[in-house]
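Now for the letters of each chain:
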Amino acid sequence: MSKEHEHGMTVIVKTVTRLTVGLIFLYGIYIILHGHLTPGGGFAGGVIIALSFMNLDLAFGGSVSAKVFSKGSTGVVEALGAVMFLALALIGLRYGGFFDNFLHPDGDPGQLVSAGIIPLENIAISLKVGAGLFGIFLTLIVLQKFESEKK
Amino acid sequence: MISENIIPLFVAIPLAGAFLTVLFKRIKGIPDTLGVMASAGAFALSILFVLKMEIGQRIIYNVGNWGGFQEVLGKIVGIQLVVDGLTTFMLVTVNLIAFLVAVYSISYMTRYTEKWQFYSLFLLMLAGMNGVLITGDMFNLFVFVEIASLASYALVAFGTEKRELEASFKYAVMGGIASLLILLGVIFLYSNTGTLNMGNMAKILDSSEEPVLIYLVFGLFLAGFGLKAAIIPFHAWLPDAHPSAPAPISAMLSGVLIKALGVYTLVRVFYCVFGFPEQVSSIFMTLGALSMIIAVLLALKQWDMKRLLAYHSISQIGYIILGFGIGSHLGIMGGLLHLFNHSVFKSLLFLNAGSLEYATGTRNLKEMGGLTKQMPVTSWTTLSASMSISGVPPFAGFWSKLIIILACIERGLWFYAIIAVLASILTLASFMKVTRYAFLGDIRKKLRNVVEVPVPMRIVMIILAIMCIFGGVLLLPGVRQGFLDQAVEVLSGVRGV
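Protein chains in written order, with my numbering: chain S, 464 to 614; chain G, 31 to 527.
Simulated from the structure, these hints should not be mistaken for lab results.
For every residue, glycine included, the Cβ atom is placed at its ideal position computed from N, Cα and C.
There's no promise every hint is true.
[Claimed, not checked] Facing chain G, from chain S, some residues (calculated, C-beta under 8 Å):
id	residue
1	GLY471
2	PHE506
3	VAL546
4	PHE562
5	GLU610
[Stated by the list, open to error] 25 Å max Cα-Cα, derived DSS-like pairs, lysine-lysine:
id	chain 1	residue 1	chain 2	residue 2
6	G	LYS58	S	LYS534
7	S	LYS534	G	LYS82
8	G	LYS192	G	LYS396
9	S	LYS613	G	LYS58
10	G	LYS58	G	LYS145
11	S	LYS614	G	LYS58
With the sequences and hints as input, model every part of the structure.
Structure (structure tokens):
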């Protein structure tokens, strides 16, 4: 057996995960981008994206996802999301008010590119929520490893 | 006139500081600089408001600039930020202490690792508090209360020792219950009035004949905000949580957090939304008197300096609540002035305790002694803060306590006046103990090599001590009109006194 199979769950779970992880990730992006049209948005989409990373860890065990997305970078991405959100709100001050929708104030129902800064804010929220949630997950993994090593 | 676009900056500046700190944590000196600059910026803006606001002026700011959609069916749906006299008063208090604490932390927090986490959480807490002060929307108030509380839970556990984690957990559970009660109250109010805007709510409640539901909301808010303010039946978490945090954070928690999240919200909701009914007035006075006397009795037997100070916080909050409970012009003025004074002297006392711990490594009064020679600045500033909190003339605390006691006598409430005087005497007794055991007497052998704390910490303590000595200046006619009177006006206008 290759080294890959030493950790994590059975081959069935690994195969299914390999097939679905990309789809889950894409679905998260879909939810974020359609946040202003359909139920969902930055928060829900961010959680789904974080879940796709967590799936990798659960199926393949240990720190597979940490190679793609380390704990340090989750902090940076999270802060970037928050700064982006705040910056969009502050740019509004120049056009008439805090959180002023300066790009497209009226909007067309059903159109993807129509809601001005709302989709951009959704993207910022998804970065913050997704990275934040995944960061918490990684911290818990590290904590568990630390405790099992102590035993 | 003052540009209303400044109002959201009270939240935006600390928030930006918090997240930029996380982004640039690796660059040396950035967390300190951002922490001090963001709090200094917010403080400068609050001073600007005091100077530029006209008497009785109220600035309303519509977030999001919704134009014609701001009002639907006669009810305001967008979030409004409101700045009036009371708000500016609180903004100055909170941001002044935050700025000084940020400067103090530059040296103090070198004892801990991960300084950037400290400054990031500190600024988040400041953003939450400023948000609570400027919002005019009930649900928004709840959200900002949560932001400030969550940051403070993490800060209490900052040392990550067993004791600190336990205190933080207890604090988080009690804070969670408080938030739940507040949210429930907001839900009932919304279902009853159909709006979340405080101004709208007050009008609708004023014109409707008092439904039973309102009394339920009274109870929920009293318990919820009372837990945040730690008045006596709801105080159990405070003596654990406040001493466990790093000293600058203890200063913030006891100095301003319980006032912004507890006292201010209680006063804002019960005065400005409910019009301060008679029943609430007597509840405020009873709880205030209970807090004053019980907490000071509990404080007398403490040997851990920070725990002793934490009990005194509950006691002093009792004075403030009593002042607001009386509800007369004099009572409100005394309450507000004592709120400001308490912010100053209690943060100073916690910073003093921090300095003692920084220099000697202990908080136990029994293990100190004779430190006046080694630490003159800490010693003298502690003395001035102790005199102020005990109400010795001519220190700041004397004037505010005097006004509260006079307000009691003016209303014929002799019983409360006597309790206030008694609690003040007991406070003096317990601070004489602090002075005696920490600073007077013979120096211990192992404390011979103790030296005074670094310069930034000293400067902050001296500034606060000067404010303790000359705090009475706020009552002089010229100074009073711009600052204190405006805040009193907002509250006393509600009752027409």
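Results of checking the hints against the structure:
1. GLY471: Not OK, violated: GLY471(S) not within 8 Å of chain G, min 31 Å.
2. PHE506: With a minimum Cβ separation of about 14 Å from chain G (threshold 8 Å), the hint on PHE506(S) is violated.
3. VAL546: Constraint on VAL546(S) satisfied, holds at 5 Å.
4. PHE562: holds, 4 Å
5. GLU610: Violated, about 15 Å.
6. LYS58(G) to LYS534(S): Satisfied, since the Cα-Cα distance of roughly 21 Å is no more than 25 Å.
7. LYS534(S) to LYS82(G): Between LYS534(S) and LYS82(G) the Cα gap is close to 47 Å, so the pair fails against 25 Å, i.e. violated.
8. LYS192(G) to LYS396(G): holds, 23 Å
9. LYS613(S) to LYS58(G): violated, 33 Å
10. LYS58(G) to LYS145(G): Satisfied, since the Cα-Cα distance of roughly 10 Å is no more than 25 Å.
11. LYS614(S) to LYS58(G): violated, 37 Å
Hints 1, 2, 5, 7, 9, 11 from the list above are not met by this structure, while the remaining hints are.
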